[in-house]
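Read off the chains here:
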Amino acid sequence: AQSVAQPEDQVNVAEGNPLTVKCTYSVSGNPYLFWYVQYPNRGLQFLLKYITGDNLVKGSYGFEAEFNKSQTSFHLKKPSALVSDSALYFCAVRPHSNYQLIWGAGTKLIIKP
Amino acid sequence: DVKVTQSSRYLVKRTGEKVFLECVQDMDHENMFWYRQDPGLGLRLIYFSYDVKMKEKGDIPEGYSVSREKKERFSLILESASTNQTSMYLCASSLILSGGTDTQYFGPGTRLTVL
Numbered sequence: 001a002q003s004v005a006q007p008e009d010q011v012n013v014a015e016g017n018p019l020t021v022k023c024t025y026s027v028s029g030n031p032y033l034f035w036y037v038q039y040p041n042r043g044l045q046f047l048l049k050y051i052t053g054d055n056l057v058k059g060s061y062g063f064e065a066e067f068n069k070s071q072t073s074f075h076l077k078k079p080s081a082l083v084s085d086s087a088l089y090f091c092a093v094r095p096h097s098n099y100q101l102i103w104g105a106g107t108k109l110i111i112k113p
Numbered sequence: 001d002v003k004v005t006q007s008s009r010y011l012v013k014r015t016g017e018k019v020f021l022e023c024v025q026d027m028d029h030e031n032m033f034w035y036r037q038d039p040g041l042g043l044r045l046i047y048f049s050y051d052v053k054m055k056e057k058g059d060i061p062e063g064y065s066v067s068r069e070k071k072e073r074f075s076l077i078l079e080s081a082s083t084n085q086t087s088m089y090l091c092a093s094s095l096i097l098s099g100g101t102d103t104q105y106f107g108p109g110t111r112l113t114v115l
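First to last, the sequence lines map onto chains A and B.
Sequence positions in the first sequence follow the working numbering and run 1 to 113.
Sequence positions in the second sequence follow the working numbering and run 1 to 115.
Do not take every clue at face value.
Claimed, not checked - The calculated label-pair distances, taken between Cβ atoms and stated as ranges, are: (1) Arg9(B) <-> Ala1(A): 32 to 38 Å; (2) Lys58(A) <-> Thr86(B): 36 to 42 Å; (3) Asp28(B) <-> Gly29(A): 39 to 45 Å.
Said to hold, decoys possible - Taking lysine-lysine and the BS3-like style, the derived pairs with C-alpha atoms no more than 27 Å apart in a straight line are: (4) Lys22(A) <-> Lys108(A); (5) Lys58(A) <-> Lys108(A); (6) Lys49(A) <-> Lys18(B); (7) Lys70(B) <-> Lys55(B); (8) Lys57(B) <-> Lys3(B); (9) Lys18(B) <-> Lys55(B); (10) Lys108(A) <-> Lys3(B); (11) Lys49(A) <-> Lys69(A); (12) Lys58(A) <-> Lys3(B); (13) Lys112(A) <-> Lys58(A); (14) Lys77(A) <-> Lys112(A); (15) Lys53(B) <-> Lys3(B); (16) Lys58(A) <-> Lys22(A); (17) Lys49(A) <-> Lys57(B); (18) Lys49(A) <-> Lys55(B); (19) Lys53(B) <-> Lys18(B); (20) Lys71(B) <-> Lys49(A); (21) Lys112(A) <-> Lys69(A).
Since the hints were derived computationally from the structure, they do not count as laboratory data.
Note that CB positions come from ideal geometry on N, CA and C, so glycine has one too.
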């Protein structure tokens, strides 16, 4: 079965430190890859996506993600975390074959001052 | 900016009631989606629609139905609400882009409690 794994339920980072939120997938072919963020009591907001080309994708709010085909991973990164980055982050993968996104369970990111 | 609105932020209903959740998008998107979000489970697709009057079942359609009579509006219907349908419901829309590269845009969500 196709799936997306976010192995950490929660990630804690000190403000100013680099952060990584992990995502791996098991989907056939070369899927499209997405990151979304959900701030408290808000809907999901699109952060970035990988379609093709450069393995490092830059997105909103200073975030970037690195696609690694051999490891089937798409980790979200930011060089210097802000307290305001605290939120729930979702990785999603879309096979070429249909409209549906396959979602990870989400990772809660907590940035401490 | 794309705007997706949902009719209610919070809703409390009783078991057995018929519940309507409405979603409206203002960007002429062809695709519209209904998800439910539960802690630890991520987002699960209930139904989606790729055109007016067209609908496709998602992963968990049981107990739900949908209606799309106009392009901008996609309604989720709980025919007879049950306590296990207590959840956050998210609506999304997207354009049809070649190769499936479309981005989904989400509404703020409706937190439904069924007593």
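Verification of the hints:
1. Arg9(B) <-> Ala1(A): 32 to 38 Å: 34 Å, holds
2. Lys58(A) <-> Thr86(B): 36 to 42 Å: 39 Å, holds
3. Asp28(B) <-> Gly29(A): 39 to 45 Å: Given range 39 to 45 Å: violated, Cβ gap about 30 Å.
4. Lys22(A) <-> Lys108(A): 11 Å, holds
5. Lys58(A) <-> Lys108(A): 21 Å, holds
6. Lys49(A) <-> Lys18(B): 38 Å, violated
7. Lys70(B) <-> Lys55(B): Judged against 27 Å, a Cα distance of about 13 Å means the pair holds.
8. Lys57(B) <-> Lys3(B): 24 Å, holds
9. Lys18(B) <-> Lys55(B): With a Cα-Cα distance of about 20 Å, the restraint between Lys18(B) and Lys55(B) holds, given a limit of 27 Å.
10. Lys108(A) <-> Lys3(B): 25 Å, holds
11. Lys49(A) <-> Lys69(A): Holds: Lys49(A) and Lys69(A) sit about 15 Å apart, inside 27 Å.
12. Lys58(A) <-> Lys3(B): 23 Å, holds
13. Lys112(A) <-> Lys58(A): 24 Å, holds
14. Lys77(A) <-> Lys112(A): 17 Å, holds
15. Lys53(B) <-> Lys3(B): 22 Å, holds
16. Lys58(A) <-> Lys22(A): 16 Å, holds
17. Lys49(A) <-> Lys57(B): Measuring from Cα to Cα gives roughly 25 Å; hence the hint holds.
18. Lys49(A) <-> Lys55(B): 26 Å, holds
19. Lys53(B) <-> Lys18(B): 21 Å, holds
20. Lys71(B) <-> Lys49(A): Holds - the C-alpha atoms of Lys49(A) and Lys71(B) are around 26 Å apart, at most 27 Å.
21. Lys112(A) <-> Lys69(A): 32 Å, violated
This entry does not satisfy hints 3, 6 and 21, going by the numbered hints stated previously.
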